[in-house]
Structure formats: structure tokens, C-alpha cells
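What follows is each chain in one-letter form.
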Amino acid sequence: MSIEVKIPAVGESITSGVVSVWHKKSGDFVNAGDALFTLETDKVSTEIVAEKAGLLETKAGEGQEVKIGEVVAIIDDSKAPSEEKKTEEPLEKKKEPEAEKKPREEKEKKEPPKKEKPLSPAVRRIVEEEHLESGKISGTGKDGRLIKGDVLTAVQERKSVGETANFPSPAAEDRQTQPETGRFTRKKMSPLRRKIAAQLVMSQQTTATLTTFNECDMSAVQELRAKSQEAFTKKNGIKLGLMSFFIKAAVEALKAVPVVNGRIEEDDFIQNNFYDIGVAVGTERGLVVPIVRDADKKSFAELELDIAGYAVKAREGKLKLEDLQGGTFTISNGGVYGSLLSTPILNPPQNGILGMHKIMPRPVAVDGKVEVRPMMYLALSYDHRAIDGKEAVTFLIKVKECIEEPKKLPLDF
Amino acid sequence: MEKFDVVIIGSGPGGYIAAIRSGQLGLKTALVEKEKELGGTCLNIGCIPSKALLTSSDHFMFAKKEAAKHGIVIDGVHVDLGKMQQRKDKVVKTFTGGVRALMKTNKVTTFEGLGTITAPGKVSVKSSDGQTQELETKNIVIATGSAAVELPFAKFDGKTIVSSTEALCFTEPPKKLLVIGAGAIGLELGSVWNRLGSEVTMLEFLPRIAVGFDLELSNLLQRLLTAQGIIFHLETKVSAVKIDNGRATATATKDGKEMKFDADKVLVSVGRRPFSEGVGAEKIGVELDEKRRIKVDKHFRTNIEGIYAIGDVIAGPMLAHKAEDEGIACVEIIAGKSGHVNYDAIAGIIYTNPELAGVGLTEDQAKDKGIDVRIGRFPFRANSRALCNEDVDGMVKFVADAKTDRILGAHILQHAASELIAEAVSVIEFGGSSEDIGRTCHSHPTLSEAVREAALNVEKRALHIMNR
Chain A
0 MSIEVKIPAV GESITSGVVS VWHKKSGDFV NAGDALFTLE TDKVSTEIVA
50 EKAGLLETKA GEGQEVKIGE VVAIIDDSKA PSEEKKTEEP LEKKKEPEAE
100 KKPREEKEKK EPPKKEKPLS PAVRRIVEEE HLESGKISGT GKDGRLIKGD
150 VLTAVQERKS VGETANFPSP AAEDRQTQPE TGRFTRKKMS PLRRKIAAQL
200 VMSQQTTATL TTFNECDMSA VQELRAKSQE AFTKKNGIKL GLMSFFIKAA
250 VEALKAVPVV NGRIEEDDFI QNNFYDIGVA VGTERGLVVP IVRDADKKSF
300 AELELDIAGY AVKAREGKLK LEDLQGGTFT ISNGGVYGSL LSTPILNPPQ
350 NGILGMHKIM PRPVAVDGKV EVRPMMYLAL SYDHRAIDGK EAVTFLIKVK
400 ECIEEPKKLP LDF
Chain B
0 MEKFDVVIIG SGPGGYIAAI RSGQLGLKTA LVEKEKELGG TCLNIGCIPS
50 KALLTSSDHF MFAKKEAAKH GIVIDGVHVD LGKMQQRKDK VVKTFTGGVR
100 ALMKTNKVTT FEGLGTITAP GKVSVKSSDG QTQELETKNI VIATGSAAVE
150 LPFAKFDGKT IVSSTEALCF TEPPKKLLVI GAGAIGLELG SVWNRLGSEV
200 TMLEFLPRIA VGFDLELSNL LQRLLTAQGI IFHLETKVSA VKIDNGRATA
250 TATKDGKEMK FDADKVLVSV GRRPFSEGVG AEKIGVELDE KRRIKVDKHF
300 RTNIEGIYAI GDVIAGPMLA HKAEDEGIAC VEIIAGKSGH VNYDAIAGII
350 YTNPELAGVG LTEDQAKDKG IDVRIGRFPF RANSRALCNE DVDGMVKFVA
400 DAKTDRILGA HILQHAASEL IAEAVSVIEF GGSSEDIGRT CHSHPTLSEA
450 VREAALNVEK RALHIMNR
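Line order of the protein sequences matches chains A and B. Residues 0 to 412 (numbering that gives the first Met the number 0) are what the first sequence spells out, left to right. Residues 0 to 467 (numbering that gives the first Met the number 0) are what the second sequence spells out, left to right.
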């Protein structure tokens, strides 16, 4: 019997992805649990593994865009591995470290593929023809089922939005007629890039973002790091970085000004009483923001380990969707690229984002005298709908104070 | 004194179904019925015996008029009315006996006698032998149903001027039967006696028959019944019925002219009234509306706590299945669940041949409400199975919202319309569109294909007719 390898539902609101790399070729014998290919979606890229052992026949090429549920390969489990492969398989198996294999299996057990809601024939036709996401439309039928009128309204709404947004642009016409001459090249943006683009525009359009600035003197933190680095590294197997200080400082500031740690949902304001801090990490695919959970309860060492773990995963493209969901506040460090000052864009529905920047030795007035100090500009972008200027400024000053006098932080090393 | 969770007064389809559901939900339940047999009007003197006679007389019509078309030669076809009535009684008895058994299996205690509410939570049952039993209960459900409306100038005498009850039990077909009121009951019983040999004349005050049903199909039904020999006088107002020597003469006016109709029997079928008196509800302060129906809220609660009412005795169409669904919803609510009745998805049926069935809005009702609609029609003449059956009269008609395509109403005139309407009812219950039915595979050859075709015709893409 053959089994179809389908694109699994990898997360809410993800409808398609790209088969970026096949790890097995057509005609290969695969074992259950073997990674077949990497699926890149607009949020995350994941490896899809074989559910059963058998002979693989691929149906989609690398770089091909595929929909959730689409069959991309067939595994014929009636075929036994060929003689030469047989000797090869055990070797391959050994290659894969146990530790890496386990979490993947566990994850699979935890998340059975989501079943699509049954749709009525007319609703199904319109959803398919109009490429609607049925899960995003609210149903007015019995027990919330979608009825034809609901999807017709959804089509109508989309059209009216499209009409106002899409002015006939000469560029669009050019696209059809102008051949590529080498003066420019055109290539499709990756799903991740497209998602980032849409997310940023959505943020700018749906929030009332404002940025407030301050600066902080990094001498105290730098001294403390220099003093404690050796012992810390020895004890924890990881360096004491800057980021843990800023996460802790942000947590203190969030506690002092709780409104920043909340979000607006329609007419309600929701106060988060937990501290899941997103830390923006640049990757070659684009910026991703993994979430450090319960940052208030973690030690400096745990925070550093979390960040380092995420950085590795991000570089290897192994971040999971759940690593990226549900943050309450974000810290973005443009300083690593040399940025002196910037206005970060909010990551909705979050209310605030703290921007760190390059540490520059600058002359500042200390006790009436000019001294050269390692200075960093700080920026807080906030949603002015929920947060007043006074609160935003208070928050940023709190961060500044914690960094300039780290003893205000719960130092645990 | 026995204590119950629920005491239901009246064992018609509303009451006995409520009792079953109540028993299923584990409530200690009592059912009070003043008659000897359970089942109320529907089982004993309504839906069931009339359907038994309608089927028997329809078979007779087939033997007499249709069989020959199929190459079946039957000589000397005649009716043994005694036997026909016996079969009807047997059907009723089987059914009422079945209901009694169902009460036992669902642990419902039945009481024979007139139930009267003496106070909230107290019901007194007076049996025919004069003994009285007092029941104590947390909840009371009034399900006392309805009775035939009497005309002041033509009071029922049980012999010449009769209600449906007596018209089900004639021992011979009256030579001339005058039916006052061309609604479901008049049309059905008029059909029965017309088939069995009576000369049937129907007088209707309104300019149409079958009020409440789609006008187009009602008019079509009238034509077909006229062809079967029933005489219709519409817009005819009866003002007097005189009895002389066992024969009746009705005086009526039509187009300003006085007319006389003589008859051996007069069936008055001008409607039914809620049976809200006698149960003691009014005495203890249960509110009635202007039509003397018991006032209830969405949860079937009267103004007095612990007293509920369902079925014909409250507002809404007087239909057994409406009462049943209310009965279920009512006791579910009593048991703390969320009972609900969707009044947009309750079909009405007249069991003539062809049968007329309708659910939801008629074309006219939709237009009166200012709803922009699209209509889909399909005649059974173009349906393969109807042709095989030699049963091509009638059509299916859909009323759909022009914008959303949601089905607002479905109307069927066909020999099997009562069964065919169920599909439309289900789809309406789920808020479905004409396209939903149009895109659902229907078996071939079946009458149900005509339902699909009519649905397709809403979007002018029916397959076996010109789409207009």
C-alpha cells in the first residue's frame, strides 16, 4: 500500500509553504522518522518526516509553493529496501543523534494534524474558487457553521478592501511588458519576507505608534560583566551577555509600568501578568523573534542559555512556530549592526518594543565635568492608544536606571 | 401524595413526546390524560386516522382509475367501508398501545383523568369514576392542545353538522357532503369522501384554498382536486345552516348573490382553537393572549414559575411536529439544558393527492417582507421517476434570498411531497443555500431529483428543463 505525504497543518493562519530542500530523493528508501524535506512557511520552517518506511516518490520540486494538505510525495510501504540500501540504512540511522530525534517524535505525538471543518457544497466551492481561509470567516449558521451568505460576504469585503488599496499602477503594467534586461532582476519574495512585509504594514496601519528616547551609561554593567565573567562562564558554561541585563531591566520596568505589558483587543485592554519577552534575532532569511518565556522567573544564566539556544536554532532554520508565538513585549538590538538610533516598529498585538543600540564612547557631563563614558541610546516605541507619554517615558527611565545601577536588578550570580 | 419533577397535562404528541424526553433525562415524570387512550387528538381523532383513510381511499382510486394504465385489469372494484374503518381503528389502536408501552419503558407514570392545576406545583386528577388524586410536582407542562372551532350559526350536533372527529367515522359516504373551510382538514376529509363516492362541495371564505401555503401551488392543487370532482366555491360566506328532516341547507353569499347548498352532512373545518380552559390555569393566574392561547416566553415559561405550556395551546402553527419539538425543548430546558425550536424550519403538509407541503416563507410572504428573492421551479412532468410512476402532477418550488442564496422557503406539490419536503427542511435548518442542494448528488431515478433540479433552477441551471 502507498501512503500519501501531505503538507501538514503547521500552525494557525498558515495556508501554504515552499518545499525548500528535499533531504531524500525520489527512489530512496526511507525509514519512519526520516526527515523528507524542509517546509518553509511565512512564519517558520520545519522538517517534515516520513510517517512510515518505504520507497519514496516525490511529487513536488524544490522551491515549489504547496498548499496545506497537498500531496508532495508517495511512500510505497510494500517495497523493501533494496540490498545495497539495506546496508546503508543502519549507518544513516546512527548518524542521526538520538537526542535530536526524540523531540521531533514527541512533537508529532503532541500535535495530530488538525482536521478541516466540514463545509457545505456551496461554501466549499466558493472557498476553493476564491482561495478563502474558511477558518478565518465567522459562520452564522447552526452552531457557527459557515453558510453561503457568510463566504459571499467575505468575498465582497475582500474586494472592497482590494479596490481601495490597489490603485492601477503603471509599475504593474510594466511588469507584464518589460523584459528583464539585466539592469534589474526579479525574484519572488520568500514567504517569510512576504509575511514580515505584511506584518510591518499591518503594525503601522493598526496602531498609533510613537517612540520616546533616552540614553544610558553602560559603565556599571560593563564593569560588572568584566568582574563576574570568569566565574559565571565557569559555572554556567555560557558567557554573561548584555541581553540578560536588558531583559531583566525590561521586566523591572514592565512591573513598574504594567500598561506596557498588555494589549488592546477590540474595546478591551488586556493586562498580561506574565513576562514572555521576544528577542529579535537576525537570520539570513529575515528577522525572527523567539520568545523567552517567564523571563521574570529565570536566572541570568537561564536567560543567556535561552537566547543562545534560540540563536542556534534560528541560524539552522529549526525554530518552531511555538517558539515565536505569544510574546508580551519585545527587545530589538540594532546595536549589533552598528545602529546608533532607530525607531522600532511594534509587533502587534504587543504594546511596546525596546530598541537597544550601539555602545559608543561619548563625552557626557558627570557631576559637572565632561567625561567619556560608554553610552547607548535607548528607544521605546509604544502604542499611544493604550499608553500615555508619561508612562512610556517612566518605563524608559526605569530601564535606564536599572542598567546604570545594576544592583537594582535581582542579580543572582 | 406522589411527588414528581414534571407533570404533563395532555398526552397528545406534544405531551407524550415531552414525557418520553423527560423520562430519558432522568426526571420523575407523570402524564395526565382525560381520555382512556393516550395520544390526544393526533393519534385518536386527527392526523393518524385521517391518514389511514386517505391511504385506503387513495388505493381505491388507484385500483379504480390508475391500475388499468399499468395494464392491471381489476373488475368490480368496490369499497367495504366497514373494513376500511376497522383497519383505521386498528392503526390507531396499535399506535396508542405503542405510546402506552413507551411510557412504561421511559418510566413515566400515567394518570387517567382530568388534570387541573390547583396551585403552582399542585395538580389534581379527577378520573371518570369520580375519584380524585393529588399530585405534587416541581414543574407543570400544559399540553392540552386544541379543539375544533364551532360556527355560531352551525353548531355541531354530531350527526348532520359535524367536526373532523365524526367525519372520520361515517359508516357510509354521505351522498352530498358540504365542507365549510378549505384548509388542511377540509381538503383532506373532503378528498376522502369524494374518493369514496360523496359529492363534495367546499365553501371557502377567502379567495383561495390552503391558506398559509404557496399561492401558486395552492391554485394548482385546486385545479387538480376540481378535476377529481370536488366543487369549490371561493369567496363564499356562509351565514346560516338549517337542519330539516336530517338534511342540511346552507345559506351563503358569493359575489353579492345568495346561494343555497343542500347536503346530507356538513363538515365544519374552519380552524381549531386552543384548549386553554378547564385545566385551571386561568384561575391561578396564568396569562392568556387575545386569542386565548397561553402566553409563554421563548423558554415555554408562563408568567407563573414552574408552569410551562407547549403545542396547540400556545401561539404558532397547530401542528403535531411543532408540539413535539416544543415538548422536547421544554423538558430539556426544565432539566437545565438548552432546548430550542427553529420555527423557520417547520413544514406544513396537506395529505391530498397530490400532497401539498411547504416550509419557510412563501414567495408572497418573502415579498411582503421586502426580501429580494429568486425563485426556482421544476415540474414533475420532467422527472424520470414521476414518469415511471405515472404521477406527473405537481412541482417543486424554492424561494431563495437573491443576495445570499439562502433557502427561505420550499414548496412541493406531489403525491409524495410529505416525504420530499424533509430534505429542504434539513437544509433550511442548517442555513443552506439553493446551491448546496444543487451540488448534492441525488440518486437516479428518484423524485428527489426534482428537488435538486428546482434548486438548480434558482440559479437558472436546471438540467432537464429550459431555464427561465
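Hints are computed from structural coordinates only; laboratory data are not their basis. Among the clues, some could well be false.
Computed cross-link-like contacts, DSSO-like style, restricted to lysine-lysine with a CA-CA straight-line distance of at most 30 angstroms [what the hints assert, rightly or not]:
#1 Lys116(A) <-> Lys336(B)
#2 Lys106(B) <-> Lys116(A)
#3 Lys27(B) <-> Lys294(B)
#4 Lys402(B) <-> Lys135(A)
#5 Lys141(A) <-> Lys241(B)
Since we're looking at a predicted model, the values are computed, not measured.
A quick look at each hint next to the structure:
1. Lys116(A) <-> Lys336(B): holds (25 angstroms)
2. Lys106(B) <-> Lys116(A): Cα-Cα ~39 angstroms, so violated.
3. Lys27(B) <-> Lys294(B): holds (26 angstroms)
4. Lys402(B) <-> Lys135(A): holds (21 angstroms)
5. Lys141(A) <-> Lys241(B): violated (55 angstroms)
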